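Here is what each chain is made of, one letter per residue.
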Amino acid sequence: MANRLKDTDVVIVGLGAAGGVAALPLAQAGIEVVGLEAGTWLTRKDFAPDELRNNVRGWPQSVQKANQEIPTSRPNASSPSAPRGTVHPMQNSVGGTTLHYWGQSWRLNPWDFKVVSETTRRYGASRIPKGSTVEDWPFDYDELEAYYDKVEYGVGVSGQAGNVDGRIDPRGNPFEAPRRRGYPMPPLRWTEFIEKMAGSAKSLGFHPFPGPAAVNSRSYQNRSPCMYHGFCNRGGCHVDAKNSTMVTTIPRAQATGRLKVVTRAHVTTIEVDANGQVAGVNYLTDGVEYFQPAKVVLVAGYTYENVRLLLLSKSKAFPNGLSNNHGQVGRHYFSHNMLAGVSALFPSNTSSWYGLPAQGVAVDDWADDNFDHSGLDFIGGGNLWVYSDRRPIGAAGMSTFGRAPAWGSAWKAFIKENADRSNTAYIQKTTLPYEDNYIDLDPVVKDPLGFPVCRVTAEFKENERRVSLFTQGKMEQWYREAGAVAIQRAPVGGAMGISTHAYGGTRMGDNPATNVVDRWGLSHEAPNLGVLGASTMGTSGAHNPTLTVQALAWRTAEHLAKNWNRISNRRS
Amino acid sequence: MARAFQASGAPEALESLSAHEMEVLDAIVGRLIPTDANGPGAVEAGAARYIDRALAGALSPTREAYRSGLAALDRYAQSSRGKTFKELSPTDQDSVLIDVETGAATGFTGSSAAFFAMVLNHTHQGTFGDPYYGGNRDFAGWDLIGYPGVRTMVSPTDQRTLEAHQLKSNHKSAYDYGTFTKSSARLSADAGGDRQA
Ligand SMILES: Cc1cc2nc3c(=O)[nH]c(=O)nc-3n(C[C@H](O)[C@H](O)[C@H](O)COP(=O)(O)OP(=O)(O)OC[C@H]3O[C@@H](n4cnc5c(N)ncnc54)[C@H](O)[C@@H]3O)c2cc1C
Numbered sequence: 056m057a058n059r060l061k062d063t064d065v066v067i068v069g070l071g072a073a074g075g076v077a078a079l080p081l082a083q084a085g086i087e088v089v090g091l092e093a094g095t096w097l098t099r100k101d102f103a104p105d106e107l108r109n110n111v112r113g114w115p116q117s118v119q120k121a122n123q124e125i126p127t128s129r130p131n132a133s134s135p136s137a138p139r140g141t142v143h144p145m146q147n148s149v150g151g152t153t154l155h156y157w158g159q160s161w162r163l164n165p166w167d168f169k170v171v172s173e174t175t176r177r178y179g180a181s182r183i184p185k186g187s188t189v190e191d192w193p194f195d196y197d198e199l200e201a202y203y204d205k206v207e208y209g210v211g212v213s214g215q216a217g218n219v220d221g222r223i224d225p226r227g228n229p230f231e232a233p234r235r236r237g238y239p240m241p242p243l244r245w246t247e248f249i250e251k252m253a254g255s256a257k258s259l260g261f262h263p264f265p266g267p268a269a270v271n272s273r274s275y276q277n278r279s280p281c282m283y284h285g286f287c288n289r290g291g292c293h294v295d296a297k298n299s300t301m302v303t304t305i306p307r308a309q310a311t312g313r314l315k316v317v318t319r320a321h322v323t324t325i326e327v328d329a330n331g332q333v334a335g336v337n338y339l340t341d342g343v344e345y346f347q348p349a350k351v352v353l354v355a356g357y358t359y360e361n362v363r364l365l366l367l368s369k370s371k372a373f374p375n376g377l378s379n380n381h382g383q384v385g386r387h388y389f390s391h392n393m394l395a396g397v398s399a400l401f402p403s404n405t406s407s408w409y410g411l412p413a414q415g416v417a418v419d420d421w422a423d424d425n426f427d428h429s430g431l432d433f434i435g436g437g438n439l440w441v442y443s444d445r446r447p448i449g450a451a452g453m454s455t456f457g458r459a460p461a462w463g464s465a466w467k468a469f470i471k472e473n474a475d476r477s478n479t480a481y482i483q484k485t486t487l488p489y490e491d492n493y494i495d496l497d498p499v500v501k502d503p504l505g506f507p508v509c510r511v512t513a514e515f516k517e518n519e520r521r522v523s524l525f526t527q528g529k530m531e532q533w534y535r536e537a538g539a540v541a542i543q544r545a546p547v548g549g550a551m552g553i554s555t556h557a558y559g560g561t562r563m564g565d566n567p568a569t570n571v572v573d574r575w576g577l578s579h580e581a582p583n584l585g586v587l588g589a590s591t592m593g594t595s596g597a598h599n600p601t602l603t604v605q606a607l608a609w610r611t612a613e614h615l616a617k618n619w620n621r622i623s624n625r626r627s
Numbered sequence: 257m258a259r260a261f262q263a264s265g266a267p268e269a270l271e272s273l274s275a276h277e278m279e280v281l282d283a284i285v286g287r288l289i290p291t292d293a294n295g296p297g298a299v300e301a302g303a304a305r306y307i308d309r310a311l312a313g314a315l316s317p318t319r320e321a322y323r324s325g326l327a328a329l330d331r332y333a334q335s336s337r338g339k340t341f342k343e344l345s346p347t348d349q350d351s352v353l354i355d356v357e358t359g360a361a362t363g364f365t366g367s368s369a370a371f372f373a374m375v376l377n378h379t380h381q382g383t384f385g386d387p388y389y390g391g392n393r394d395f396a397g398w399d400l401i402g403y404p405g406v407r408t409m410v411s412p413t414d415q416r417t418l419e420a421h422q423l424k425s426n427h428k429s430a431y432d433y434g435t436f437t438k439s440s441a442r443l444s445a446d447a448g449g450d451r452q453a
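Sequence order for the protein chains is A and B.
In the working numbering, each residue's number is its place in the first sequence (first place is 1) plus 55.
In the working numbering, each residue's number is its place in the second sequence (first place is 1) plus 256.
Next comes chain B alone, as it looks inside the complex (with noise of 0.2 Å):
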């Protein structure tokens, strides 16, 4: 069942995070995309909720880059700002996330940039991956790009109705078809593409 962990509306408890760096990782992935005119966003989509999980399982190599980071990035909002990062309006916050993006934050192990790059291709993962794995809650994702679902199956028929824009969503996720095992994978990290054919 790709959503029940959230059927029952009650607050989900974390599996690696402190609910302190579970608040400024929401915060964060609201900005990146954000909830507007075009709909609901990463908040919705339950990307920090995904990463949380996550850093327990597969992305475990990235919890102290999560843990030094995000620690990092309240102190420079802090510093450079007044606010922590939560408080700062949503103008501010990017304008916090910007010198993140380019390696302008101070105060980071490493490099700011690759924090960020590192949270905005997890909340790609949180928002559009599977809603198996905690994310991509209610099809958020998915039904942002007009992704039309998991199929098993994709006729002639029902490709020429994609091309006519009229494939409707299924909101199926993989494990939905109750035919696939669930983790026959030892999960590594990050594969980073699929480009080499």
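Next comes chain A alone, as it looks inside the complex (with noise of 0.2 Å):
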């Protein structure tokens, strides 16, 4: 029997981007947490600026659990697993993936909230590509704004807005929704190849800005300035720049004394009472299980982990899995198209040595909705990123543009000559749910502890594979007007495999039929259970997740603030 602890209010199940920032107005609101996490702390001594060890063989974690759990994946129902990697490139530790992610911290587009009424509203409903399950989200951006905001100045975020209550700033970016306010510290620096590139966007009539970071372009909350010593990159910040959780809102919520923090605290299974309500968690210490109870759960383990939680926790009233009774957990699923970018060489030194990958300059003429697609035969597009991000041995492993082999005298000279002078371009791009793209449990694969680990089925089809030709093509505009003397383009479509930007699984919408999660982020089908993360997005637009996780997450908790009394007494 596992060890019964003490009753607490509610319970967060991992405290990285999602359930770290939950925490503060929780805690801020009187509310008593428990943040279980299966990672211990870290701390700056921890993030040595070693390609090997960061870039290479994992990182600086202490607590191998997302490698061993990795999920297995096909692109559909009739494809055998492709081989299992044995990395996945999660954190576990206080502070989750924002120890080593790259930080970029952007704001989605109003039209992803509005996908299908404003697609229709435009274009025809029949410019919805086929066997998408895409839905509105049950809000909008505007609603959003204000946690935006919040998260902004809470964790700290370097930009330049491009567009204060409707004033339009031109070194912003004129394309952004109304922000209440600007950033709470100016953009990174920019480096004399970053400048060149946004001269050319400019010369091509295309509007490039800074890119927002969750990083310090100056001094803020006390913590250090950026460094930029080159080694922000699944590394993790030696000088606390980096505004990682573990940094921000998780410390704030511990000096309330309201959050306790318990580390190497692996969970299980969520517990649901004779009632349908979930009454707790149970996890693993080295061996040892234990029992929360809480009055309110909240999973945010990310997207394979809340799906894996709900499918593994089956009871009486669940018996296909927690939240499950409408078959919707590990529909939805679907991740950013991330690595169909292109690369590009120049004929001189680009200086990017030194620099992390949350430098750099955006265009986002050719994101989502932001250009006319009454000729096209695709919906959405992608934010084109030209950022300063080198290390020795990623350099070494460059393509040869197909002017050298890939070893020997030539390709030393090769390598000499242009270990500097690439760039490959990152454009993230709109991505939709299917039907037949979905997480469930592999019958085969099992984790070290015997549960069996997620199966991801999950193709690009055909609106996917558009977007990236087209956005490619616009990529490659920019490089060669900046000079470039030979361009390459990573292929696109194909299977989606694993993600470090995965999505839905236990989607949010006002309709339980499609949807686990209601427009708070809580369970249609037990009210007392949240879930945080992009697991519960139904769109991705053109831009990386981590801010709106973050919004969406600080939205919740403070509901569940705001309604405690309703929603804890629910048990009785």
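Derived from the structure by calculation, the hints contain no laboratory data.
None of the values given here were measured: they were computed from a predicted structure.
For every residue, glycine included, the Cβ atom is placed at its ideal position computed from N, Cα and C.
Check the hints yourself; a few may be wrong.
To be verified - No farther apart than 30 Å at their CA atoms in a straight line, the calculated lysine-lysine pairs in the BS3-like style are these: (1) B:K342 <-> A:K120; (2) A:K61 <-> A:K369; (3) B:K342 <-> A:K100; (4) B:K424 <-> A:K251; (5) B:K428 <-> B:K438; (6) B:K342 <-> A:K471; (7) A:K205 <-> A:K169; (8) A:K120 <-> A:K257; (9) B:K424 <-> A:K100; (10) B:K428 <-> A:K471; (11) A:K185 <-> B:K342; (12) A:K100 <-> B:K438.
Stated by the list, open to error - Stretch-level coverage of chain A by chain B, calculated; a stretch enters the list once three of its residues show a Cβ under 8 Å from a Cβ in chain B: (13) 103–112; (14) 197–210; (15) 458–466; (16) 470–480.
With the hints as a guide, bring the two chains together.
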């Protein structure tokens, strides 16, 4: 029998991007929170600028959970599963993946909240791709704006506003939705190469601007500004300038005295009582079983674990998994088509050895519905992102653009000249959910505890491929304008595989027949269960997920706090 | 100390490979990144030494692939070119390696191309990785590609100096900065790049 612990108000499973944010408004509202985190605390000392360790072999976490439960994946139900990798780069430690993520901190476009109605209004209902299960979000951008603002100021985001209350500032993104005020910090600095790229974008009539980053451009909340040392990508920050939840919202929540952080707590299942209410969670620490009772459970273990925990938590009330009586857990799954980028070779050095991937120039002219799709055969688009990020092993692995073999003296001469002359753009593209893309439990593969891992069955469809080809074309045009002497496009389409931008599986919406959680992120079927993370998002838009994930987490937490008596008293 | 292990100049004890395996591997890496007019290559960088050490740790899952792959390569050199790999001329060594790279070489467990890709990947690690791990000796790899060394702070002036091609390498490893914990990582197998954000 598990050791039964003292009752608490809220238990949060996972203190990463989402859980680490939700703890703060709850604790500040006087609610007792237990944060169960599978990983441990890490400190600046753990964040060595070491490419071999961070980028090649994994990263300095002491608990290897994500790597041991990597989902299997296949493009569709009639294909076999692909060989499983050995690393899934999600972090297991307090602060989660915000410790070593890139920190690009984007808001979504208003269009992303209303893909169905806006597409129908502008181009007709026939333009929704066949087989897509996309729905409008249950609320619009304006509803989330206040929470974007809270996160931008609460964790700290550097950037240049493009639209404050409808006033367009050409230094920022003219396509962005109105924000109530500018960013709390100016943007990260640019390099000569980024300046040059921005200039070329302007010559083409594009609207370049510095991207928003959860990295300090100057001292913020008594933490250091960024040192631009070049090891931010998959590395933690040695001066705490990256605004992970470990250094921002979590310590502030702890300071209230109402967040108890329990590390090395690996949650295995969620308990349901005889009334079909959630009663708490079971977890293991070093093989010892504990039961943490709670009035409300918030699951925040990242998309795959959120889905898996629900599917593994079977009870009389929920025989097919918690909150799955409508068969929606695992449905509406998708991930960003992020690898279909474009690489360019330049005739001179780009001086990119030092910097960070959140330091760069963006173009949003071709993102989402920022341009007219009347004459096009797809909906959505991509954010073009050119950034500074290079380390030696990665540089040596660069494409030779057909100009040299892969080894030998000719390669050595090529790499000596060109190691600092390439650039690879990151194109973040709209991806939609489809009826036959989903997550379930793998029938064979298990994690070291004996629980089945997730199985991802998903592939990029025609709309996603067309978005990729179109945006790659724009990116190629931009590179050529800047003087690139060779261009290479990465393949588009194919299997989705396992992703660091995984969406859906516990989608949010008003209709319980097609959505797992309601507009507040609480389960339709078990209302004292909440889900935090991109697993609740029904669209991705053309921007990275985390700021939206955190805004949603803040909103769910605030809703809980405001309605605490009603929601917590369901159990009697 | 990044270079402590070789300070004595004495031959270093091998940690994983046999002396013969080490010879073959050193000859291979010497063709992958040769010593030539562009300066020192993987041999001077100690890439084989890096691999030997890593096979006792992070790369241990590939130990068997090295054992059988190196033996198969030597056998293939013997059967197709009449000499062991080490005895062949550089041109013949290259032609053997091309066969291995393209999967044309026989006698390998599985595809010889997979063995080649693995060795090339690890040769990059041993030539361009942090010297702390035993390769990139005397910063040979970083000097080759113009990487100016690990810094914990890069000021706007440093960046402009780099842009003016004036930033000199500081020849520093991550662990020359005394602040970082060396082995908090339980090193797992290759992550295969860092293109996901
Ligand atoms: C290299 C990299 C770069 C990225 N860059 C960006 C970027 O620039 N911008 C952006 O928007 N997004 C980026 N992302 C994606 C971003 O990291 C995720 O969107 C975000 O972290 C998801 O938040 P989360 O809280 O759902 O998961 P996480 O932040 O991963 O947190 C989940 C936490 O839950 C814990 N946990 C999991 N299961 C359990 C369990 N059973 N019991 C207890 N604890 C558990 C984990 O240990 C972890 O700490 C990046 C991701 C990676 C890997």
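Quick rundown of the hints versus the structure:
1. About 44 Å separates the Cα atoms of K342 (chain B) and K120 (chain A), which puts this hinted pair outside 30 Å; it is violated.
2. This hinted pair checks out: K61 (chain A) and K369 (chain A) have alpha carbons roughly 24 Å apart, not beyond 30 Å.
3. For a cut-off of 30 Å, the pair hint linking K342 (chain B) to K100 (chain A) is broken: about 44 Å separates their Cα positions.
4. Restraint check for K424 (chain B) and K251 (chain A): the C-alpha separation of about 24 Å stays at or below 30 Å, so the hint holds.
5. Proposed proximity of K428 (chain B) and K438 (chain B) is supported: the alpha carbons are some 15 Å apart, at most 30 Å.
6. Between K342 (chain B) and K471 (chain A), the direct Cα distance comes to roughly 27 Å. Compliance with the 30 Å bound is thereby established for this hinted pair.
7. Pair hint K205 (chain A) plus K169 (chain A) holds up; C-alpha atoms about 23 Å apart against a cutoff of 30 Å.
8. Straight-line distance between C-alpha atoms of K120 (chain A) and K257 (chain A) comes to about 45 Å, which puts the hinted pair past the 30 Å bound.
9. Only pairs whose Cα atoms come within 30 Å are accepted, and K424 (chain B) paired with K100 (chain A) is accepted, the gap being roughly 27 Å.
10. For the hint linking K428 (chain B) to K471 (chain A), the alpha-carbon distance of about 20 Å falls within 30 Å, and the restraint holds.
11. Between K185 (chain A) and K342 (chain B), the direct Cα distance comes to roughly 60 Å. Violation of the 30 Å bound is thereby established for this hinted pair.
12. For the hint pairing K100 (chain A) with K438 (chain B), the CA-to-CA distance comes to about 9 Å; that is within 30 Å, so the pair holds.
13. Check on the segment 103–112 of chain A: 9 of its residues sit with their Cβ under 8 Å from a Cβ of chain B, so the three-residue criterion for coverage holds.
14. Here the segment 197–210 of chain A counts 0 residues with a CB under 8 Å from a CB of chain B, which misses the bar of 3, and the coverage is violated.
15. Counting residues of the segment 458–466 of chain A whose CB lies closer than 8 Å to any CB of chain B gives 5, so the stated coverage by that chain holds, three being the minimum.
16. Note: the segment 470–480 of chain A has 5 residues with beta-carbon separation from chain B under 8 Å; the three-residue rule is met and the coverage holds.
The earlier numbered hints that this structure contradicts are 1, 3, 8, 11 and 14.
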